[in-house]
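**Student:** Sequence:
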Amino acid sequence: MLNSKENLDFLGAVIANFNNLLLIGIFVARVFKYPKIEYWLGALFILTVLPLILMFVKAFSFDRDVLYLVQLILMISFILLELFLDYIFKIDFRQNRMIVIPYLTLFYASFGGMIGIASQAGKPWSITTIITFLIMTATSLIMHFKTDT
Numbered sequence: 077m078l079n080s081k082e083n084l085d086f087l088g089a090v091i092a093n094f095n096n097l098l099l100i101g102i103f104v105a106r107v108f109k110y111p112k113i114e115y116w117l118g119a120l121f122i123l124t125v126l127p128l129i130l131m132f133v134k135a136f137s138f139d140r141d142v143l144y145l146v147q148l149i150l151m152i153s154f155i156l157l158e159l160f161l162d163y164i165f166k167i168d169f170r171q172n173r174m175i176v177i178p179y180l181t182l183f184y185a186s187f188g189g190m191i192g193i194a195s196q197a198g199k200p201w202s203i204t205t206i207i208t209f210l211i212m213t214a215t216s217l218i219m220h221f222k223t224d225t
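Just so we're aligned, residue 77 is where the sequence shown starts under this note's numbering, counting upward by one.
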């Protein structure tokens, strides 16, 4: 499937938007207190690390620039951080500013970077990803003010 640059670009755009939609679902589930839905959407989000790692490996054969690799590394890092904090160690860190500020920095850097990944697939994907990113960001702010997390 990933034997062309165009297929790799398409996968990146799909993953970027899929992750934005998953996060919207997670934030809505948190607001309405559906922890099981939040958990399973989060697990699905974590599974997206697999195609991202594949994209990272394939990027070398398509001679992608360093920024592309950095954008993938940021998202892969964020997903792995989520895996360890929320699923393996189950650390309640969202009230600790010493942890939450770097966490949010990585969060926005990784999701913002995915706009760059999606833009490789063309302007329509760029616009779509920016829109889903903005909706996800607005939903996260609403969730923050409604739940204090």
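Please keep in mind that the hints were generated in silico from the structure rather than gathered at the bench.
Among the hints, erroneous ones may be present.
Claimed, not checked - Below, simulated EDC-like cross-link-like pairs (lysine to aspartate or glutamate); rule was C-alpha separation at most 16 Å, straight line:
1. Lys109 - Asp224
2. Lys222 - Asp162
3. Lys166 - Glu114
4. Lys81 - Asp139
5. Lys134 - Asp168
6. Lys81 - Asp162
7. Lys134 - Glu82
8. Lys199 - Glu114
9. Lys81 - Asp168
Stated by the list, open to error - Distance windows between CB atoms, simulated:
10. Leu123 - Leu145: 37 to 47 Å
11. Gly198 - Phe160: 15 to 25 Å
12. Ile207 - Val107: 18 to 28 Å
13. Ala119 - Ile218: 16 to 26 Å
14. Ser137 - Met174: 18 to 28 Å
15. Val104 - Phe169: 33 to 43 Å
16. Lys109 - Asn79: 43 to 53 Å
17. Tyr115 - Ser153: 14 to 24 Å
18. Ile122 - Ala214: 42 to 52 Å
19. Asp139 - Tyr110: 36 to 46 Å
20. Asn79 - Phe165: 36 to 46 Å
21. Arg173 - Ile218: 39 to 49 Å
22. Asp224 - Ile122: 31 to 41 Å
23. Asp139 - Gly198: 16 to 26 Å
Ideal placement from N, C-alpha and C gives every residue a C-beta, glycine not left out.
**Student:** Against this structure, judge whether each hint is valid.
**Tutor:** So, going through the hints one by one against the coordinates:
Taken as a hint, the Lys109 and Asp224 pair is honoured in the structure, with Cα atoms around 13 Å apart against an allowance of 16 Å. Taking the CA atoms of Lys222 and Asp162, the gap is about 20 Å. The hint is violated against a cut of 16 Å. A threshold of 16 Å between alpha carbons decides the hint, and for Lys166 with Glu114 the separation of about 14 Å falls inside it, so the pair holds. Distance hint between Lys81 and Asp139 is fulfilled; the C-alpha atoms sit about 10 Å from each other, no more than 16 Å.
Only pairs whose Cα atoms come within 16 Å are accepted, and Lys134 paired with Asp168 is rejected, the gap being roughly 35 Å. Between the alpha carbons of Lys81 and Asp162 the distance comes to roughly 34 Å, so the proposed pair goes past 16 Å and is violated. Between Lys134 and Glu82 the CA atoms are separated by roughly 12 Å; this keeps the pair inside 16 Å, and the hint holds. For the hint pairing Lys199 with Glu114, the CA-to-CA distance comes to about 31 Å; that exceeds 16 Å, so the pair is violated.
Taking the CA atoms of Lys81 and Asp168, the gap is about 40 Å. The hint is violated against a cut of 16 Å. Separated by about 21 Å at the C-beta atoms, Leu123 and Leu145 break the suggested range of 37 to 47 Å. Gly198 and Phe160 have their C-beta atoms about 35 Å apart, which leaves the hinted 15 to 25 Å range violated. The hinted window of 18 to 28 Å between Ile207 and Val107 holds, with their beta carbons roughly 21 Å apart.
Take Ala119 and Ile218: their Cβ atoms lie about 23 Å apart, and the range 16 to 26 Å holds. Judged by the Cβ atoms, the range 18 to 28 Å given for Ser137 and Met174 is violated: they are separated by roughly 40 Å. Against the hinted window of 33 to 43 Å, the Cβ-Cβ separation of Val104 and Phe169 comes to about 21 Å, which falls outside the hint. At about 45 Å, the CB distance of Lys109 to Asn79 agrees with the hint of 43 to 53 Å.
For Tyr115 and Ser153, the hinted distance range of 14 to 24 Å is satisfied, since their beta carbons lie about 21 Å from each other. At about 23 Å, the beta-carbon gap between Ile122 and Ala214 misses the expected band of 42 to 52 Å. Checking the proposed 36 to 46 Å range against Asp139 and Tyr110 shows it holds: the Cβ atoms sit about 44 Å from each other. The supplied range of 36 to 46 Å is met by Asn79 and Phe165, whose beta-carbon atoms lie about 38 Å from each other.
The hint said 39 to 49 Å for the Cβ distance between Arg173 and Ile218, and at roughly 21 Å that hint is violated. Taken as a hint, the range 31 to 41 Å is violated for the pair Asp224 and Ile122, whose Cβ atoms sit roughly 24 Å apart. Between Asp139 and Gly198 the beta carbon distance is about 19 Å. The supplied range of 16 to 26 Å therefore holds.
The earlier numbered hints that this structure contradicts are 2, 5, 6, 8, 9, 10, 11, 14, 15, 18, 21 and 22.
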